[in-house]
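Residue numbers (my numbering), protein chains in the order written: chain A, 1 to 182; chain B, 183 to 483.
Hints listed in this document are in silico derivations from the structure and should not be mistaken for laboratory results.
A hint or two may mislead.
[What the hints assert, rightly or not] Sample of chain B residues facing chain A (criterion: CB under 10 angstroms; computed from the structure):
{"id": "1", "residue": "D209"}
{"id": "2", "residue": "P219"}
{"id": "3", "residue": "T224"}
{"id": "4", "residue": "A242"}
{"id": "5", "residue": "G244"}
{"id": "6", "residue": "K357"}
{"id": "7", "residue": "G432"}
{"id": "8", "residue": "V472"}
{"id": "9", "residue": "G480"}
{"id": "10", "residue": "F481"}
[Said to hold, decoys possible] Pairs of lysine-lysine, DSS-like flavour, derived with a Cα cap of 30 angstroms:
{"id": "11", "chain 1": "A", "residue 1": "K70", "chain 2": "B", "residue 2": "K304"}
{"id": "12", "chain 1": "A", "residue 1": "K174", "chain 2": "B", "residue 2": "K479"}
{"id": "13", "chain 1": "B", "residue 1": "K476", "chain 2": "A", "residue 2": "K70"}
{"id": "14", "chain 1": "B", "residue 1": "K263", "chain 2": "B", "residue 2": "K460"}
{"id": "15", "chain 1": "A", "residue 1": "K70", "chain 2": "B", "residue 2": "K395"}
{"id": "16", "chain 1": "A", "residue 1": "K145", "chain 2": "A", "residue 2": "K33"}
{"id": "17", "chain 1": "B", "residue 1": "K476", "chain 2": "A", "residue 2": "K174"}
Keep in mind the model is a prediction, meaning the values are calculated, not measured.
For glycine and all other residues, C-beta sits at the position ideal for the given N, C-alpha and C.
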Amino acid sequence: MKNLLFLSLFFMTTSIFAQKYATRTGFLGFFSKTNMEDIKANNNNVSYVIDWATGDIQVSALQTNFKFEKALMEEHYNENYVESSKFPKATFKGKIQNVGSVNIKKDGVYKTKITGNLDIHGVSKSYTTEATFKVSGGKVIAETKFNVKCSDHNIKIEANLKNNISESMEVTAKAELTEFKK
Amino acid sequence: MIQRAFFILTLIFFQGLIAIGQTDTTDLLSILGDDDPIIYSTATFKSTRVINGQSIDNVAGGVMDFRVSHRFGTFNTGIHKLFGLDLASMRLGFEYGVTDRVMIGIGRSNVNEEVDAFTKIKLLRQVETGPKHMPISLSYFGSTVMRGTAWADPSRDNFFTSRLYFCNQLLIARKMNDQLSLQISPTHIHRNLVETSAIAHDVLAIGYGGRYKLTRRLAVNAEYFSLITKNIGAQVNNSLSLGVDLETGGHVFQLHLTNSSSMNEKGFISETTGNWNKGDIQFGFNISRVFTIKQPKGFEE
Numbered sequence: 001m002k003n004l005l006f007l008s009l010f011f012m013t014t015s016i017f018a019q020k021y022a023t024r025t026g027f028l029g030f031f032s033k034t035n036m037e038d039i040k041a042n043n044n045n046v047s048y049v050i051d052w053a054t055g056d057i058q059v060s061a062l063q064t065n066f067k068f069e070k071a072l073m074e075e076h077y078n079e080n081y082v083e084s085s086k087f088p089k090a091t092f093k094g095k096i097q098n099v100g101s102v103n104i105k106k107d108g109v110y111k112t113k114i115t116g117n118l119d120i121h122g123v124s125k126s127y128t129t130e131a132t133f134k135v136s137g138g139k140v141i142a143e144t145k146f147n148v149k150c151s152d153h154n155i156k157i158e159a160n161l162k163n164n165i166s167e168s169m170e171v172t173a174k175a176e177l178t179e180f181k182k
Numbered sequence: 183m184i185q186r187a188f189f190i191l192t193l194i195f196f197q198g199l200i201a202i203g204q205t206d207t208t209d210l211l212s213i214l215g216d217d218d219p220i221i222y223s224t225a226t227f228k229s230t231r232v233i234n235g236q237s238i239d240n241v242a243g244g245v246m247d248f249r250v251s252h253r254f255g256t257f258n259t260g261i262h263k264l265f266g267l268d269l270a271s272m273r274l275g276f277e278y279g280v281t282d283r284v285m286i287g288i289g290r291s292n293v294n295e296e297v298d299a300f301t302k303i304k305l306l307r308q309v310e311t312g313p314k315h316m317p318i319s320l321s322y323f324g325s326t327v328m329r330g331t332a333w334a335d336p337s338r339d340n341f342f343t344s345r346l347y348f349c350n351q352l353l354i355a356r357k358m359n360d361q362l363s364l365q366i367s368p369t370h371i372h373r374n375l376v377e378t379s380a381i382a383h384d385v386l387a388i389g390y391g392g393r394y395k396l397t398r399r400l401a402v403n404a405e406y407f408s409l410i411t412k413n414i415g416a417q418v419n420n421s422l423s424l425g426v427d428l429e430t431g432g433h434v435f436q437l438h439l440t441n442s443s444s445m446n447e448k449g450f451i452s453e454t455t456g457n458w459n460k461g462d463i464q465f466g467f468n469i470s471r472v473f474t475i476k477q478p479k480g481f482e483e
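With the sequences and hints as input, model every part of the structure.
Below you can see the structure in the form of structure tokens.
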């Protein structure tokens, strides 16, 4: 009985001192490879928030912050493909499935699975991806890679550009998060 | 025992409340307290020119725009000049974005052996969405043209400054929606030397421009410069141009019909002699090719 009470108190305290980690300068990039052309876009101003108590992870990227090798690519990306004036942000809202296995107090590399909804171009789709969390000295480096199909988010690539722009984009997310204090 | 059980139940209940408080994270990102971003209108026009005249758009910072522009002769020259195709006035231009908001350029025209140099500066940017409001974009455009032809009367004292022409222009544009963009361009032109003392040195005009996007890569444009100053020279007409923009990757092709043969501001605004009604219509094109000189900031990982 006493044990149960103790256990109960223990869980209560952990949830009261729930820890949120965040950053505003995370990285999100995508890469398109075709025989004709490689296209790369990088965004270094992406917001990431993780709530370790619940396993919630949320990411938000401003479309106009994606930078390309050429300014014209950026213009076409915003104007023709993701329509940034209508859909300014790409967001991800998901859960770290086995969040309990990550000990943010102990340095190490933790492998997890994240499931959630990615909203691009106003179209939301569920994704599951393997992610690693590298804990070291109070910081957490989160990293994952997955593929996004343009057609899944109603992004239309003209037939004559199919040789230049890949239908499947390799998305890389990487961010160093620190404990969030108000 | 019952008391204890009750106590534990209460505990669990409160834990439950806390848990509810935490799973209610529909917008976890809101803890960052970030404002809604400002999204500016971009690509109001496909090119830095509506047709002859400047559009509100600049080349991006670090980008070089190489422009080749041609105006063939007028259609009414008939079969002897292959409806104008035997004749051509042309301008070659190198234009560069110093920043996203400041561009400079230099061009050479064969008409009157002219060299033009200009700067175009974005002063206000139309806001599409966001916490700030700005219904229009506003730019300043200023250019100097040097005429290179031999002096009309070499026997008198001729000064270098007599070769110079200046243009000041405000570009006021609004992207009405994804397809339609409109622009008004109040213009002032100063000519240091004019033919007779009866002809005005200063010319005021208002430009009207518009584009309608048909597809992602194709748009139709129209442009009209209405002269306000009357005594500016014999047979000077308002400039009217109609055209299409075709975009393919790094190229923009602008094809048009116009009654102006010059491709710098003082030329097509204050020296257009062609008359649409008389068939002085010229076919012309601008080809724009952009090169990235400096990689955009923030591209690095």
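Hint-by-hint comparison with the structure:
Hint status for D209 of chain B relative to chain A: holds, with the closest Cβ pair at about 8 angstroms, below 10 angstroms. Because the closest C-beta pair between P219 of chain B and chain A is about 5 angstroms apart, less than 10 angstroms, the hint holds. At a threshold of 10 angstroms, the smallest CB-CB gap from T224 of chain B to chain A is about 6 angstroms, leaving the interface hint in force. The interface hint given for A242 of chain B holds, since its Cβ lies 3 angstroms from the closest Cβ of chain A, which is under the 10 angstroms cut-off.
Hint on G244 of chain B holds. Least Cβ distance to chain A is approximately 7 angstroms, under the 10 angstroms limit. Hint status for K357 of chain B relative to chain A: holds, with the closest Cβ pair at about 9 angstroms, below 10 angstroms. Using the Cβ-Cβ criterion of 10 angstroms, the hint placing G432 of chain B at the interface with chain A is satisfied: the shortest such distance is roughly 6 angstroms. Hint on V472 of chain B holds. Least Cβ distance to chain A is approximately 6 angstroms, under the 10 angstroms limit.
Interface restraint check for G480 of chain B: the shortest CB-CB distance to chain A comes to about 4 angstroms, inside 10 angstroms, so the restraint holds. A hinted interface residue such as F481 of chain B counts as satisfied when its beta carbon comes closer than 10 angstroms to some beta carbon of chain A; here the least separation is about 4 angstroms, so the hint holds. With a C-alpha separation of about 20 angstroms, the suggested pair K70 of chain A and K304 of chain B falls inside the 30 angstroms cut-off, and the hint holds. Taking the CA atoms of K174 of chain A and K479 of chain B, the gap is near 19 angstroms; set against the 30 angstroms cutoff, the hint holds.
Between K476 of chain B and K70 of chain A the alpha-carbon distance is near 9 angstroms, which keeps this suggested pair within the 30 angstroms criterion. The hinted pair formed by K263 of chain B and K460 of chain B meets the criterion: a straight-line CA distance of about 17 angstroms does not exceed 30 angstroms. Restraint check for K70 of chain A and K395 of chain B: the C-alpha separation of about 23 angstroms stays at or below 30 angstroms, so the hint holds. Distance check on the hinted pair: K145 of chain A and K33 of chain A sit about 15 angstroms apart at the alpha-carbon level, within 30 angstroms; holds.
For the hint pairing K476 of chain B with K174 of chain A, the CA-to-CA distance comes to about 26 angstroms; that is within 30 angstroms, so the pair holds.
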